[in-house]
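J.: Starting from the known structure of chain F, arrange chain B on it as the hints suggest.
Chains as they are written, first to last, in the working numbering: chain F, 36 to 148; chain B, 1024 to 1137.
Don't read these hints as lab results, they were simulated from the structure. One should not assume that every hint holds.
Just a sample of chain B residues kept apart from chain F, beta carbon distances all over 12 Å, derived [stated by the list, open to error]:
1. Gly1066
2. Gln1094
3. Ser1096
Restricting the straight-line Cα-Cα distance to at most 27 Å, the calculated cross-link-like pairs of lysine-lysine (BS3-like) are [claimed, not checked]:
4. F/Lys92 with F/Lys52
5. B/Lys1129 with B/Lys1084
6. F/Lys100 with F/Lys53
7. F/Lys100 with B/Lys1129
8. F/Lys106 with F/Lys53
9. B/Lys1129 with F/Lys92
For glycine and all other residues, C-beta sits at the position ideal for the given N, C-alpha and C.
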Amino acid sequence: EAQVTQNPRYLITVTGKKLTVTCSQNMNHEYMSWYRQDPGLGLRQIYYSMNVEVTDKGDVPEGYKVSRKEKRNFPLILESPSPNQTSLYFCASSLDGYTDTQYFGPGTRLTVL
Amino acid sequence: AQSVTQPDIHITVSEGASLELRCNYSYGATPYLFWYVQSPGQGLQLLLKYFSGDTLVQGIKGFEAEFKRSQSSFNLRKPSVHWSDAAEYFCAVGTTNSGYALNFGKGTSLLVTP
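So here's chain F without its partners, still in its complex pose (with noise of 0.2 Å):
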């Protein structure tokens, strides 16, 4: 089955602890974004990438990295996470760019206590 994975799905932290959140899709595909959304504020990009080696911001990066050193892995990383990241977390991922169907994962809630 076509997919993209996310985990984990829930995640409670503390300030300053580092965390990975993993994404992984199954389809070949060029393309994936990690996007937050938050109450009010809709979905925002934080990065995303074109290719392998290949990642560029989005709207709100400060705080996040990635990394692509696979075309079906892009994890988000958060070195020191702060209150100001709970969120609710989506990865997605399309054949070439957004231009092309994005598949979503199912979304991973983090909160930093």
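T.: For chain B alone, coordinates are given in the frame of chain F:
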């Protein structure tokens, strides 16, 4: 500044009634336009998209949208709403100037009453 505006935060319609969700954008370049839907507790699903050509585009689940360049709008419509259409709807815009970054509106929450 580039922006995507969905003027209606919440909309309530009766089942069987018609629906129109508004989306306005402010971009200097020719936009790529999308509508996504998010059902409760789910990720987003693409309803339809417009890049060029016929300004009236058909999507899944009986939705359509019309691109009006003069009004900088891309409104989503459905002639008869079903209870299962209750969800959050997002308009999104990308342009060749923005690289491969996609900007979403803040969303419109649709409630369908019996």
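J.: Would you pick out the hints that fail for this structure and give their numbers low to high?
T.: 1
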